[in-house]
Amino acid sequence: MIRAAIGTGSDRLRARLAPHFDRWIQRRGRSQPPMRVVYRQIYVLPTRFGWLLGLLMFGMLMGSLNFNNNLGLLTTFIVAGLAVNSMLMAYRNLHGLILARSSASPVFAGQHAELHVSFRDADGRERPNLELASGGRIVRFSVPAANTTDARLPLPTQRRGWFKPGRIRLQTSHPLGLFEAWCWFWPEGQILVWPRPADHPPALPSSGGQALGRRRQRDMEGDNFHALRAWREGDPLHRIAWKASQHHQTLLSREFREEQAEHLLLDLDRTPGRHLEEKLSILTAWVLMLEREGQQWTLRLGGSDHGPASGREHAHHCLRLLAER
Amino acid sequence: MSWTLAALFVAVLPHLLFMPAPVSITILALLGWRALAAWKAWRPLPGWLRLVLTLGLFALVLVAYGGMWGRRTATALLCVMLAAKLTEMYRIRDLRLVASVCFFLIATQFLFSERMIYLFYLAAGCLVATMALYQIQQIPPERVERIDRPVAPDPRLTARAAGSMLALALPVALIMFVLFPRLSEPLWGLPEQAMDGRTGLGDFMSPGSIANLFIDDTPAFRATFEDGLPDRQYLYWRGPVLWNFDGNTWRPGYHSDRPAEQPVPITDNSIRYRIQLEPHERRWLLGLDHPVRSSLPESSVTSDHVLVSRHPVTGLVQYDVISTPDFFDTPVLTSFQRRLALSLPEGRNPRTLALGAELRERYGDDRELIASVLRWFSEEAFYYNLSTAPLGRHGADEFLFDLRTGYCEYYASAFAVLMRAAGIPTRVVTGYQGGFWHESGGYLLVRQGDAHAWNEVWLEGLGWTRVDPTSAVSPLRIEQGARSVVSGGRFLLDWPWVRDMLNRYDRLQHIWNNWVLGFNADRQRNFLKRLGLPDLNTLSIAMLMLAGLALVIAPIFLVLLKVRETRPTSAAQRAWMNLLRRLRRRGLRKLPQETPDEFARRIAAEQQTASAAPALLELAQLYSRVHYGPPRQEMSEEFIDRARRFSWR
Chain A
1 MIRAAIGTGS DRLRARLAPH FDRWIQRRGR SQPPMRVVYR QIYVLPTRFG WLLGLLMFGM
61 LMGSLNFNNN LGLLTTFIVA GLAVNSMLMA YRNLHGLILA RSSASPVFAG QHAELHVSFR
121 DADGRERPNL ELASGGRIVR FSVPAANTTD ARLPLPTQRR GWFKPGRIRL QTSHPLGLFE
181 AWCWFWPEGQ ILVWPRPADH PPALPSSGGQ ALGRRRQRDM EGDNFHALRA WREGDPLHRI
241 AWKASQHHQT LLSREFREEQ AEHLLLDLDR TPGRHLEEKL SILTAWVLML EREGQQWTLR
301 LGGSDHGPAS GREHAHHCLR LLAER
Chain B
1 MSWTLAALFV AVLPHLLFMP APVSITILAL LGWRALAAWK AWRPLPGWLR LVLTLGLFAL
61 VLVAYGGMWG RRTATALLCV MLAAKLTEMY RIRDLRLVAS VCFFLIATQF LFSERMIYLF
121 YLAAGCLVAT MALYQIQQIP PERVERIDRP VAPDPRLTAR AAGSMLALAL PVALIMFVLF
181 PRLSEPLWGL PEQAMDGRTG LGDFMSPGSI ANLFIDDTPA FRATFEDGLP DRQYLYWRGP
241 VLWNFDGNTW RPGYHSDRPA EQPVPITDNS IRYRIQLEPH ERRWLLGLDH PVRSSLPESS
301 VTSDHVLVSR HPVTGLVQYD VISTPDFFDT PVLTSFQRRL ALSLPEGRNP RTLALGAELR
361 ERYGDDRELI ASVLRWFSEE AFYYNLSTAP LGRHGADEFL FDLRTGYCEY YASAFAVLMR
421 AAGIPTRVVT GYQGGFWHES GGYLLVRQGD AHAWNEVWLE GLGWTRVDPT SAVSPLRIEQ
481 GARSVVSGGR FLLDWPWVRD MLNRYDRLQH IWNNWVLGFN ADRQRNFLKR LGLPDLNTLS
541 IAMLMLAGLA LVIAPIFLVL LKVRETRPTS AAQRAWMNLL RRLRRRGLRK LPQETPDEFA
601 RRIAAEQQTA SAAPALLELA QLYSRVHYGP PRQEMSEEFI DRARRFSWR
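Chains as they are written, first to last, in this note's numbering: chain A, 1 to 325; chain B, 1 to 649.
Hints were generated in silico from the structure; no laboratory data involved.
Hints should not be assumed to be uniformly reliable.
Using 25 Å as the maximum straight-line C-alpha spacing, the simulated SDA-like pairs for lysine to any residue come out as follows [as the list claims (entries may be wrong)]:
| # | chain 1 | residue 1 | chain 2 | residue 2 |
| --- | --- | --- | --- | --- |
| 1 | B | K85 | A | G59 |
| 2 | B | K85 | B | P171 |
| 3 | B | K562 | A | W182 |
| 4 | B | K562 | B | V552 |
| 5 | B | K529 | B | W515 |
| 6 | B | K40 | B | L28 |
| 7 | B | K562 | A | A146 |
| 8 | B | K85 | A | T47 |
| 9 | B | K85 | A | F58 |
| 10 | B | K529 | A | F58 |
| 11 | B | K562 | A | A145 |
| 12 | B | K562 | A | A122 |
| 13 | B | K562 | A | F58 |
| 14 | B | K85 | A | L52 |
| 15 | B | K529 | B | N269 |
| 16 | A | K164 | A | E188 |
Only a predicted model underlies this, so the values are computations on that prediction, with no experimental measurement involved.
Could you build all of it, start to finish, from the sequences and the hints given here?
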């Protein structure tokens, strides 16, 4: 229990210090792509294995010193030299590396946003065994000499809206795993997180005071003029557009349709659901459904209408509005 | 995985040679099993079986070493436990543990031997262990938990990476080796064993004990003289002096450890030399008759005029000695000493006793008596060779009257019995005689095979005087060494040219011992003194080391961080780099993180008046398409052409 108390205490302390720490890191150099990793941003510490080897080295050192065993000492010092090189090479693996850009496509809340970070080497040396780490997730990649590589780091999302990923660790313990060099950066911009689509959305609204039908009503006659078309046998005479027919040198009929019969109105206020999140969830599911079926719809959010339109672009626009709501 | 197993194999190899066969076979079997398991992707052993195996191996080592605790047992246990660890080596951390303990194993080997040949072992072991660590690092993190399937990067690449890491580690290692503050006193006890079961000169002498050393070609010590090699007759390297005889074995007197009563003076004839003594687990230090003092701290001269150290010599030691050959040893013999030097076991060697009494009657003068015995040895059919016939209860009788053939300890023992029977105080001195003069190296190499035994008789007015009965039988032995009088090869491949090679190799070993193994606190201080830094304390030596390290690491670091000029891989890239160079001369520098396009845009934004800016932007875009897009010959040619003609205005 005491331990738990200490744990929460240290968590609280950490939470309080985190912003200061972040600011301190950011003061040390540009920490957002496009950036070039420079010495002020690189931190190097031994790994756990590094400490273990250090302990082993200490044992070797004491034994060899005591017996004045020169070959034993030489072995110890060679290991020490390897450790020093390991530290330098871990540092050099990061130094000068360029983070050209970072981006992530929008995802639904609860999914992993895949952050693409584009790395480039301009120093003419290979950067093997680099890792991106965030929240316990690690991806490994390498950057070839004088070349570019994209690394993809999945970031878990929870809430809809604009997600600002926290700092991401670019680390490496190349070549021997004795030392880890790392630097921190923040991805460019924010990641759009759409609301999570409802698993079992209710049926699409069919009423709501306006004639909202589900199927396209091609043949249904209405009061509103819709278009002119070539005369077909059986068209009543009063439908013939005489003036236009004369003009076009062919018989044309006037066609009438029921107004607004071809698209749906999705109104946030009329959407079933206990609370806003649930409603947004259902709306999201509807938008996806309509987009898939190639229908037109209008999204009404707090008095402003978006649409009617159809297609992917409209869907993304709507999803974004829903996310930002 | 593969290199980790290889690293362990290389590291345990020399240890295996000195282990009892069951232990080394078990270790090899476990290594083989693990390699096969990795290859065939066998399942790991169940936990209980691993536990049983580990306990079983532990018991095996304890039984194989008879419960004796020592460095050999400890390292065998370490090797066996590492082999047991192989059965559960399925995670990165296990692999790393095994690979890093390999370095430790390599270092422990040097507790047993530091011969130069082990330099290869050190290099190979470190290389393979580094390769293993490098290979482990290549295992991607998602496979942290199970690494059954070996990841196999190109072994040549691994070897090259590990090799260059080691090469870069060497300067650091050398600086630390020279400047790391050394201990002048050990922190805890020194190990007892250093000989790995080999026998050197013992502190007692029985028939065959010295003859057995004859085939041992390992160096005992080396000596360099200040004024050149002294005359052969002086080359008696004094070891233990033996007083007590039980009929078979000679042992030191219990008073032998007392310090010398009177110091040996230094005269004009004194010989000054430096000894490099191989570890022999005993306390005595070899020196010529009669040692005055040695430069080794905590060494002294006993009442028998033997140089001894306070601790057994378990590592290579080097010391300077001054010896005075013409020293009047013990002018007056105490009655106690006389009694001891005349005592003989009861009821043994009746014929020798009778001969002694007869000689005593015939010669009044001790010197004449001795001369007559030596004459007898050389004129009668006495032979000097390696036959080590076991002697019975009346050993001296058998030897003097029946056998008449044997090695130096037979002569020394029988001569001492005869002298004592004649009433002349006599003792046996063991040590080494002669040695191989290494002309080009300028040092004398004394091997275990040069071990020798002789006598000292106490004469009125002369004190203890050396008498070597062997020289009477076989003068060549003294002049040219033991090898000259024993015919035939002592072991396989004992040909002159092999011996010559061994002698040449010993030259290297001598240098190695002198400069590498003999480097200790004293030599470190001398070295610093020569650098003009006298009397540094430990802390300032440590600071000096840090400064040296900084001096070495800085250039390494600079080399590592050097930006390598990208070598153009295509004509288009060459043209682009050429263009960039021309722009750089105009003060327009492309930043490393910029793409060609970004660079051109920035230039266009910064230099709005420049008329060439739009053309540059077009060129940059064209280059991006040529360089990163699918290869198209005519586009590439167009770019090259335009890039050539481009000039900044």
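Consistency of the hints with the structure:
no.	hint	verdict
1	K85(B) - G59(A)	holds (20 Å)
2	K85(B) - P171(B)	violated (34 Å)
3	K562(B) - W182(A)	holds (20 Å)
4	K562(B) - V552(B)	holds (16 Å)
5	K529(B) - W515(B)	holds (16 Å)
6	K40(B) - L28(B)	holds (18 Å)
7	K562(B) - A146(A)	holds (14 Å)
8	K85(B) - T47(A)	holds (22 Å)
9	K85(B) - F58(A)	holds (22 Å)
10	K529(B) - F58(A)	violated (28 Å)
11	K562(B) - A145(A)	holds (13 Å)
12	K562(B) - A122(A)	holds (12 Å)
13	K562(B) - F58(A)	violated (33 Å)
14	K85(B) - L52(A)	holds (17 Å)
15	K529(B) - N269(B)	violated (31 Å)
16	K164(A) - E188(A)	holds (9 Å)
The earlier numbered hints that this structure contradicts are 2, 10, 13 and 15.
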